[in-house]
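Each chain, written out:
2 protein chains.
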Amino acid sequence: MAEIKNSLIKIEHNPTQCGECSIRRLTLFHGVAESELSWTSEYRSQQYTVQARKEIYREGQTSEFMFTVYHGWFATYKTLGNGRRQILRIALPGDMLGFQANLEGAMNHSAVSLTDAVLCAFSRQQMPELLRKNLSVAKRLSELNARDMNICQSRLLTIGQQSAIERIAFFCAELFYRIKSIYNEKEKNEIYFPLSQEDIGDATGLTKIHVNRTLKTMREKGLLEIASRSLKVLDLKALCELCGFDPSSIQTYRLY
Amino acid sequence: MAEIKNSLIKIEHNPTQCGECSIRRLTLFHGVAESELSWTSEYRSQQYTVQARKEIYREGQTSEFMFTVYHGWFATYKTLGNGRRQILRIALPGDMLGFQANLEGAMNHSAVSLTDAVLCAFSRQQMPELLRKNLSVAKRLSELNARDMNICQSRLLTIGQQSAIERIAFFCAELFYRIKSIYNEKEKNEIYFPLSQEDIGDATGLTKIHVNRTLKTMREKGLLEIASRSLKVLDLKALCELCGFDPSSIQTYRLY
DNA sequence: CGAGGGATTGAGATTCATCAATCTATGTGG
DNA sequence: CCACATAGATTGATGAATCTCAATCCCTCG
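Chains A and B supply the protein sequences, listed in that same order. Quick note on numbering: this note's numbering labels position 120 of the first sequence as 120, and the sequence is numbered without any gaps. Quick note on numbering: this note's numbering labels position 58 of the second sequence as 58, and the sequence is numbered without any gaps.
A portion of the hints provided could be inaccurate.
Note: identical chains are not told apart, hence a pair may lie in one copy or across any two.
[Unchecked claim] Below, computed lysine to aspartate or glutamate pairings styled on EDC-like, alpha-carbon distance capped at 16 angstroms: (1) Lys139 / Glu104; (2) Lys139 / Asp246; (3) Lys139 / Glu190; (4) Lys237 / Glu104; (5) Lys10 / Glu241; (6) Lys221 / Glu166; (7) Lys54 / Glu129; (8) Lys237 / Glu187; (9) Lys237 / Glu20; (10) Lys139 / Glu129; (11) Lys216 / Glu36; (12) Lys180 / Glu190; (13) Lys237 / Glu166; (14) Lys216 / Asp235; (15) Lys133 / Glu36.
These are computed hints drawn from the structure, not numbers from a lab.
Construct all of the structure, not just a fragment, from the sequences and the given hints.
Listed below in structure tokens is the structure:
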């Protein structure tokens, strides 16, 4: 497998400054006073581009950085000895990647880009210092982690207790709402959607064949259509009712 | 359903002092300097007893407190409209219950005692102040949450990608190691285990009937025996190999 | 000693996985 | 510009894993 080091390409020319970051409301630095941003942003070591489908860190290995997604989609996952893979989380702009309890230790999961993407990197080593010096950042980190915990637990519920069509509906409904809340698109019923059917299967605990058949059913029922990297929601209300997804819960996903 | 208020019984006589708490190494106050413990422990509002099988907070409702488990077992869970229930987490002594991003808002999951138990309560309202004033506690909270995130993601992996026998093996292996690490019992192969087969099913995403059949298989294979509130591990090595549970990962569960 | 909750077993239905083949869109090299 | 390679999507046939319904058993507790 390709070296991870090579997948991250440093942006030498004009990296985005935190002060002018258009998605700061979504990130770790949401809530940092403008007057403090000049020094807290010093901890943002670097900005990197990464191509689609590259690993940025791997389970069992250490990682120099943790990241904020500035642009693009990522998936975190764990694998089993037999090669099966469970996608744990889809990370979208504003989301953190790679924070865990033991900042020095090996990663307990892997992360891969699903699209060409841009990451803001933070030295893991310097994180404790940043958190000590700026309580607003520490509080925000805690909020982001608690939100991710809630999302993770909701996925445990859907995977543990729902049928194939319900799981896929839940997965798509959640992503649909998350994307729309990031880009403030109220009316659009179609979003960019870079996941393959196999990815959807890895996220929902189904085989790609069964995902394919279930998507066909959903298309026939007029719920949604996934084709050529696009997700079109045909009947949002029915989709949410089918899987028990509560759109108002997305507010606790946003945190801004 | 019974009122939650009534399930918590305040301990009026001689509640445990944080300074003499025998499991402090496992808790939120691990790492707090002895000299600071006198004032941080002021935030520990009260100690409560609770009988087995009582809800201590409920999804959708607000809760005055968050808790540290001092004694006993708890389960957190989410439910679906059709009544199906997913157990999200088994909380053991030292574990936190009820922390979430929006401390003022409604709970996003419920919690129930599995045994008679004792809880140390913290006013949710006062938490931000405590975290602001004591960085050691804030850091510890973040560690505990990150650890729980890892456990949650491991369960996502096992429920999403493993068979019934593997899921049950994983669930039991994890609890077995957690209990042994709490009580420092290296050699014992039997632990107290208050979960019904239905509980195991709710935790692993299986029906109680299938849990029953699978436990029978595991008994016949000489892996483990669950009977009369006890879990006896007959072949620990085989159990861990079956489900891919790595005992050394428990170190990141302990955090002390 | 009866009641009730959990455990156990059986039979049959359903969902989902597996294996295998074909199709389609996209990109690549000649 | 075309032949080819490749990855992802699609469909069919079959079998295994798990669920559902139903009945009985067993243990504990009042």
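Quick rundown of the hints versus the structure:
Taking the closest pair of Cα atoms, Lys139 and Glu104 come within 16 angstroms of each other only across two copies (15 angstroms); inside a single copy the shortest separation is 21 angstroms, beyond that limit. Taking CA atoms no more than 16 angstroms apart as the test, Lys139 paired with Asp246 passes in neither setting, with 26 angstroms inside one copy and 32 angstroms between copies. With identical chains, the CA atoms of Lys139 and Glu190 are never at most 16 angstroms apart, being 34 angstroms at best within one copy and 41 angstroms at best between copies. For the homomeric pair Lys237 and Glu104, neither the shortest alpha-carbon distance inside one copy (45 angstroms) nor that between copies (29 angstroms) is at most 16 angstroms.
Taking identical chains as interchangeable, the C-alpha atoms of Lys10 and Glu241 are never at most 16 angstroms apart, the minima being 44 angstroms within one chain and 41 angstroms between chains. For a Cα distance limit of 16 angstroms, the shortest separation of Lys221 from Glu166 inside one copy, 13 angstroms, qualifies, whereas the shortest one across copies, 35 angstroms, does not. Proximity of Lys54 to Glu129 under the C-alpha cut-off of 16 angstroms is found in neither arrangement, the shortest distances being 30 angstroms within a copy and 42 angstroms between copies. In this assembly of identical chains, the alpha carbons of Lys237 and Glu187 lie at most 16 angstroms apart only when taken from the same copy (14 angstroms versus 55 angstroms across copies).
Within a single copy, Lys237 and Glu20 get their C-alpha atoms no closer than 37 angstroms, and across copies no closer than 55 angstroms, so neither meets the 16 angstroms cut-off. Taking identical chains as interchangeable, the C-alpha atoms of Lys139 and Glu129 lie at most 16 angstroms apart whether they share a chain (14 angstroms) or sit on different chains (11 angstroms). For a Cα distance limit of 16 angstroms, the shortest separation of Lys216 from Glu36 qualifies neither inside one copy, at 52 angstroms, nor across copies, at 61 angstroms. Proximity of Lys180 to Glu190 under the C-alpha cut-off of 16 angstroms is restricted to the intra-copy arrangement: shortest distance 10 angstroms within a copy versus 51 angstroms between copies.
Only within a single protomer do Lys237 and Glu166 lie at most 16 angstroms apart by alpha-carbon distance; the minimum there is 14 angstroms, versus 37 angstroms between protomers. Taking the closest pair of Cα atoms, Lys216 and Asp235 come within 16 angstroms of each other only inside a single copy of the chain (15 angstroms); across copies the shortest separation is 45 angstroms, beyond that limit. For the homomeric pair Lys133 and Glu36, the shortest alpha-carbon distance inside one copy (11 angstroms) is at most 16 angstroms, but the shortest distance between copies (20 angstroms) is not.
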